[in-house]
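So the sequence lines, in the order shown, correspond to chains A and B. Reminder that position 33 of the first sequence reads as 33 in the working numbering, one-by-one numbering, no gaps. So the number in the working numbering is just where the residue sits in the second sequence, counting from 1, plus 107.
Quick caveat, the hints were computed from the structure, so don't treat them as lab data. Among the clues, some could well be false.
As the list claims (entries may be wrong) - Simulated restraints, written as ranges between beta carbons of each label pair:
no.: 1; chain 1: A; residue 1: 8; chain 2: B; residue 2: 117; range: 23 to 29 Å
no.: 2; chain 1: B; residue 1: 117; chain 2: A; residue 2: 74; range: 21 to 27 Å
no.: 3; chain 1: A; residue 1: 24; chain 2: B; residue 2: 462; range: 37 to 43 Å
As the list claims (entries may be wrong) - Result set (SDA-like, lysine to any residue): computed pairs, CA atoms no more than 20 Å apart in a straight line:
no.: 4; chain 1: A; residue 1: 81; chain 2: B; residue 2: 259
no.: 5; chain 1: A; residue 1: 15; chain 2: B; residue 2: 480
no.: 6; chain 1: B; residue 1: 254; chain 2: A; residue 2: 86
no.: 7; chain 1: A; residue 1: 22; chain 2: B; residue 2: 149
no.: 8; chain 1: A; residue 1: 15; chain 2: B; residue 2: 147
no.: 9; chain 1: A; residue 1: 89; chain 2: B; residue 2: 147
no.: 10; chain 1: A; residue 1: 31; chain 2: B; residue 2: 117
no.: 11; chain 1: A; residue 1: 89; chain 2: B; residue 2: 118
What the hints assert, rightly or not - Covered stretches of chain A (in silico footprint by chain B; criterion: 3 or more residues with CB under 8 Å from a CB of chain B, positions within the stretch not fixed):
no.: 12; segment: 9-15
no.: 13; segment: 86-96
Idealized CB from N, CA, C, for every residue including glycine.
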Amino acid sequence: MAISLTESAAQRVEKFLANRGKGIGLRLGVKTTGCSGMAYTLEFVDEMQPEDMAFESHGVKVIVDPKSLVYIDGTELDFAKEGLNEGFKFNNPNVKDECGCGESFTV
Amino acid sequence: MALLQISEPGMSAAPHKHNLAVGIDLGTTNSLVATVRSGMSTVLQDEHGHALLPSVVRYLENNGVEVGHDAQAQQSTDPTNTIVSVKRFMGRGLKDIANRAHIPYRFVENTNKESNGMLQIETRVGNKSPVEISAEILKTLRTRAEKALGGELTGAVITVPAYFDEAQRQATKDAARLAGIHVLRLLNEPTAAAVAYGLDNASEGVYVIYDLGGGTFDISVLRLSKGVFEVLATNGDSALGGDDFDHRIFCWILDQIRLKVPNFSPLSEEDTRLLLTKSRQAKEWLTDNYESQITCKLSNGYFVDITLNVSQFNEFTQNLVSKTLNPTRKAIRDAGLSLDEINGVVLVGGATRMPHIRHAVADFFKQEPLTNLDPDKVVALGAAIQANVLAGNRSDKDLLLLDVTPLSLGLETMGGLVEKIIPRNATLPVARAQEFTTFKDGQTAMSFHVLQGERELVSDCRSLAKFELRGIPPMAAGAARIRVTFQIDADGLLSVSAKEQTSGLESHVVVKPSYGLSDEEIGNMLKSSFLAAENDKQARAVREAQVEAARLLESITFAMDQDADKILSPDEKEAIYSQMEALKEIMKSDDSQAINRATEKLNKSTESFAARRMDASVTKALAGQNLDSLEI
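Construct the complete structure from the given sequences, taking the supplied hints into account.
And the structure:
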């Protein structure tokens, strides 16, 4: 399995990285917090950790730590617009239940 | 499923705890809101894709309110209930507004004490203050931001012109509160523009911000050192902007029509509006094109079909361009700089898109100005970057920018002099304290008069507030210790507190000055302080000598009334009285040295009287006491 980006998500990430002027890729992860147990994190990466796993999707380097990978393996990250709002969306096949807002989930 | 943004490494927010912060450019003509998404500052658009919200508020029959384009469309049909450019009235009183005859609103003097005399505008739904009207614009931007960010705002950075004084800043903050926005900080517009270009990342430098908006021109000279932007000078023209260029085209079109139809009838209001719109479109088209075709049909059936080319346009607007260069020259001169000391020039405001303005600026400064950001958006973009930092979404804590006080702040002391507590150009936030004491024996109250300005005399400075400290325990003159603390928060708002150190008695005031100062007034106050430096020094010396003389006379009068008959011979008494009279006479003059000499003389000649009084009171205190009962 792996982690992937949709093409529109990859384009955005590239743009944001270019604007930021530094960074080697995008980190996806989970934190054990939130109302339904776990929450997604999405961060720029300046430095890889030795245990990190790296994937490549549409030219963007996607980095995940092994502990997070078990919860999000197979995830496709999408970029979506909802009304005036826009941002990234995790399509995670492992999710069994989400809190109402979708910010945290259980597997 | 919620939409996520990319955070800085290690800065991911906990679920439901996003710090949604925005930057707001509350402009005279247009307002904008921007935010940082995935590390990138972006201006937020409304449902129709408009980034700019015209700063126009219209009060409707049914108590409703329209803000922005809808309100702007009704400006000419409902002029008294459609408020434009309300920013010009923020924190102002009636007497501050010049040329009231040319403004369609019915202004009302505000008798409510709370409002500190800020004017109000009569509308069909009652009297509205500029604060309330601005709050409507801010509410619209807040709604837009919350829709776009999918949550409630944590806070906002709102920009204000560098020359805004305390009253205007406070009014802006009040408007935000009324709109339900937590203000993280007010930021100077030129500083925001500099931040948008990342100039704050440089270690130091001097930057000029050339801001030509729809109806106002502002020039600011900033110095960045150690991460702090200091405003070295501001200047401008509050009645010069992009609209004047439209108007020149409009006049030119009329001239062209009259060349063909000599007795062309005056235009209807509708036609005027139509031609002004066509003029603006032509101006914008000429930014990227050599010539512009102006075609439209007027209400009398006349068909306008004229071609305007760039060189014609440049020719008849050249003097408008030159008009911006005079204030620019003055600002550079006020800042005491030469052109080669300027590290960068930033263009702000939609009107700076015009190529001949860019050329004029480049020629003047002998360097290409920074133009790669949208000049309409650059202030909002910078404010958003600052808001993002203040909301805690960045780890670089040292990026917190500071602003400075435009004028010194101080207190009135005896003799009508101003004691400066916080000097001009102190970086904000700042707190300074100084101890004062009582002037008379048994004085139980003290009044504090807070002043702003560079001059030495109270009458030459601007009064900001007055307050009193009552209930000081009676003590000898000079024994009470009253600590006065001046504190200015990061938004430039001043609070002053006074505390009597022995009793812990305290009193304070938050300064909401009654009227604003224009940039011109601030400039004049500064200039006059330089010009009058020598006079001020002398005036201060005279006042100080007078105060010292009065103090001596006061204490000698008191001592004479008590003990003169007991201690002094009639001759000695007569000698002291005559010297007192002489001093009283000399005090009225403005010769500080003569006053000081007379004071000194009186002091000397009463020395033996003072010594004998002291002996007498010691004898009195010791009389009838057993040596053992004295604690020595």
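Against the structure, the hints:
1. A:8 / B:117: 23 to 29 Å: Given a distance of about 27 Å, which is inside 23 to 29 Å, the answer is holds.
2. B:117 / A:74: 21 to 27 Å: holds, 26 Å
3. A:24 / B:462: 37 to 43 Å: Since residue 24 of chain A and residue 462 of chain B have Cβ atoms about 40 Å apart, the given range 37 to 43 Å holds.
4. A:81 / B:259: holds, 18 Å
5. A:15 / B:480: It holds: about 16 Å lies between the C-alpha atoms, which stays within 20 Å.
6. B:254 / A:86: OK: residue 254 of chain B and residue 86 of chain A at ~10 Å, within 20 Å.
7. A:22 / B:149: holds, 19 Å
8. A:15 / B:147: Status holds; Cα separation ~9 Å.
9. A:89 / B:147: holds, 18 Å
10. A:31 / B:117: holds, 11 Å
11. A:89 / B:118: Since the Cα atoms of residue 89 of chain A and residue 118 of chain B sit roughly 18 Å apart, the hinted pair holds (cutoff 20 Å).
12. 9-15: holds (count 3)
13. 86-96: n = 5 at 8 Å, threshold three: holds.
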